[in-house]
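These are the residues of each chain, in order.
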Amino acid sequence: MKQLAGKARKFGDNINTDYIIAGKYKFKSTDMNDMARHLMEDVRPGFIDEIEKGDFIVAGHNFGMGSSREQAPLVIKAAGISAVIAKDFARIFYRNCINVGLPVIECDTDSIDEGNEIRVDLEKGIVHNVTKGSKIKATPLPPVMVKILNDGGLAEHFKKHGEFKLE
Amino acid sequence: MGTIAEKILSAHAGKEVKQGDIIVSPVDFMMSQDGTTPLTIRAFKGMQGTKFKDPSSYAIVIDHNAPSPMESVSNLHREMRTFAEQFGARLFDVGEGVCHVIVPEQGYALPGSVIIGADSHTCTYGALNAFATGVGSTDLAAALISGKTWFKVPSTIKLQYDGKLPTGVYSKDIALRMTGKLTSNGATYKALEIVGEAIDALSVDARMTISNLAVETGAKVGLMRCDDKVIEYLRTRARRAFKGVDPDPGAKYESVLKEDVSKLSPQIACPPDVDNVLPIEKLEGKEVDQVFIGTCTNGRLEDLRIAASILDGKQVAKGVRLIVSPASKEVLLSAMECGAIQKLVKAGASVTTPSCGPCVGTCNGIPSDEEVVLSTANRNFRGRMGNSRSSIYLSSPATAAYSAIKGFIADPREVL
Ligand code: SF4
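These protein sequences, in sequence, are chains X and H. The opening position of the first sequence corresponds to residue 10 in my numbering, with each subsequent residue numbered one higher. The opening position of the second sequence corresponds to residue 39 in my numbering, with each subsequent residue numbered one higher.
In short, the hints are calculated from the structure, not lab data. The beta-carbon is built from N, C-alpha and C at its ideal position, and this holds for glycine as well. Relax, there's no trap hidden among the hints.
Interface residues of chain H toward chain X, partial, derived using beta-carbon atoms under 7 Å:
hint, residue
1, Ser158
2, Asn223
3, Thr400
4, Arg422
Derived BS3-like pairs: lysine-lysine, alpha-carbon spacing no greater than 30 Å straight-line:
hint, chain 1, residue 1, chain 2, residue 2
5, H, Lys53, X, Lys168
6, H, Lys56, X, Lys156
7, H, Lys190, X, Lys169
Footprint (simulated), chain X over chain H, 3 or more residues, beta carbon under 8 Å:
hint, stretch
8, 64-74
9, 106-114
10, 179-193
11, 413-421
Kindly produce the complete structure, drawing on both the sequences and the hints.
Written out as C-alpha cells, the structure is:
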C-alpha cells in the first residue's frame, strides 16, 4: 500500500453521519461527486472548497456515529480525502469504510493541528506529523479487515472469492 | 455459558463462540430502505451478483422519502421496484410504513434469529430477542449473495431496570435516560442486554422504543428476553417456528448497570446530541414551533393512543404545528378504528402517510430557520430534520402531545 500525504483538516468529537452528508441529499441521487459538494456542510460550510486532494480528516472520538448510510464514506472518498484519522470510530461507519476501501486510522489525534502536514504509512500503522516532526503509532486494524482492505474492499473480495474467505 | 448475544451467535456459527471471536454467520432476514437500497443495488452488481441466496429472506421498504417529493427520488424508487421484481424480493411500497415497524409486524423479526438491515435502527428488533443490527449497503449485498455476514462477537453490558414506572413516564423516558447515562459511544462495538421488572411490565411496542435507541449509545444490538408477551405478539405474525434465547446464569458481562425507575421523570434530549439528556424539570417552558409524533421510535399504536388521549377535546396552541406520522398502515388503520386519528385531527394535527415523515429531513415538515421542534424520534443532530438552523428536542409522545397544547415543553404528569 502506498504512502498517503496531505494536510490535516481538524474536527472534534462525535462527528455524525448527518454532518458528513445530510439526509436531505443522500436520497436524491447516487452520484457521489455531486453529493461531495455538501461534505460537512452543516458543521463547516465551504469545507469542500478548502480541501486539496490527499488531505486527511482528523477528528476526536466516535467519528461517524449515527446512520448506516454508506454515502458517508463514499462522499469522503469522492471529495479526495485520503483517509480519516480519529481517536475512535462508530461501528457501522468503520465497517463501511473498510468495505468501500476508505482507509481509517485509529490513534491519538490531540497533537495534530489544523493544517499540519501529515504522512501515513498504512502498512506500518504510523502517522507522521511532518510539521511537528513527530510520529504517532496507530492501533492496528483487525486481521479480517486487513484482508478485506487488501482485496480492495468487500465488493472486490466477493468478486475474487464469490463468498466470505476470512479465515 | 453465555450472554444472549453469544448464545444466538453460537447457534448460528455451529460452534461455541465467545466475545472477541470473529465468525461468519448465516443471516435469517435482511432489509434495506429507500435511502440505502440504491447503493445496495450498485454493490450487488459490483460483486457480479446474479441472484439472492434466498429471496424470501429479504424485504425492501420505501419509507424515508415517501411518497416521493421530487423526480430524482421517483427514479430511484422505480429502480428499487424493478430490482425487487427482477430478483424476487418482497417490496413494501409507499404507504406501507416505516421499515422497523413493518418488519416486526410482518413476523420477520423472530427470537433467536440473526437479522441485518441497511439502516442503523435495525437494532429495534432486539426487543423481540433477535440479534439484529445495522450494516451498510455493501455488507447487505454480500449477505444477499452468500446468505451470510461476518461479526465480531460483542461483549455485553447488562442494563437492569427495576421498579415501576410512575404515571406519565414511559419507555421512551427509560430509553433517553439510557443514552444519557451510557453516552453516544459508551457501548460502541458492544451488545446491550436490557432486562428487569420495569422492562417485563412494558408492552412489546414500548420495549421496541428502548431497543431502537440502542444504536445511539454505539451498541451493535439492544437485546431483550423472549417472554410470554413476545410469544403472544408473534402468535398471529411469526413466519416460522422460533425459540427464545435466555442468557445463562453464569454469563460474563463487561458491566452491569442497575437503575430503579420508580422515581424517573419524563426525559428530554437536547440538541444537538441524543446523549444530551435532562429531566423535564430543567426545560419546562421552552417554547416550541413544531411538534412531531411518529417514527420507528414512537409512531406505533400505543404512542398514538397516548397522544390522542391527551389531545382529546383540546386544541394545539396557536402558532404551533403538530405533525403525526403513523408508523405503518396497520398502525394507521388501528388508530382510525379506535378513534385516535379523529381526536388528533380535531385537535389540529396534520397526519401524514405512514412513513419516516420529517424525521430525516426529506419531506413532510422541514422546520424553518431558528425554529424549535419537539419530536418523538431518536436523533436530534443539527440539520437532521433538513434545516441546520433549527433545533430539535426529543421526548415521549405524552410529553410531545401535552407540549403541543401548551406551546412550550410541558410536563404530561400534570394531566395524567
Ligand atoms: S423513522 Fe427516522 S430513524 Fe426511523 S428509519 Fe425512518 S428515518 Fe430512520
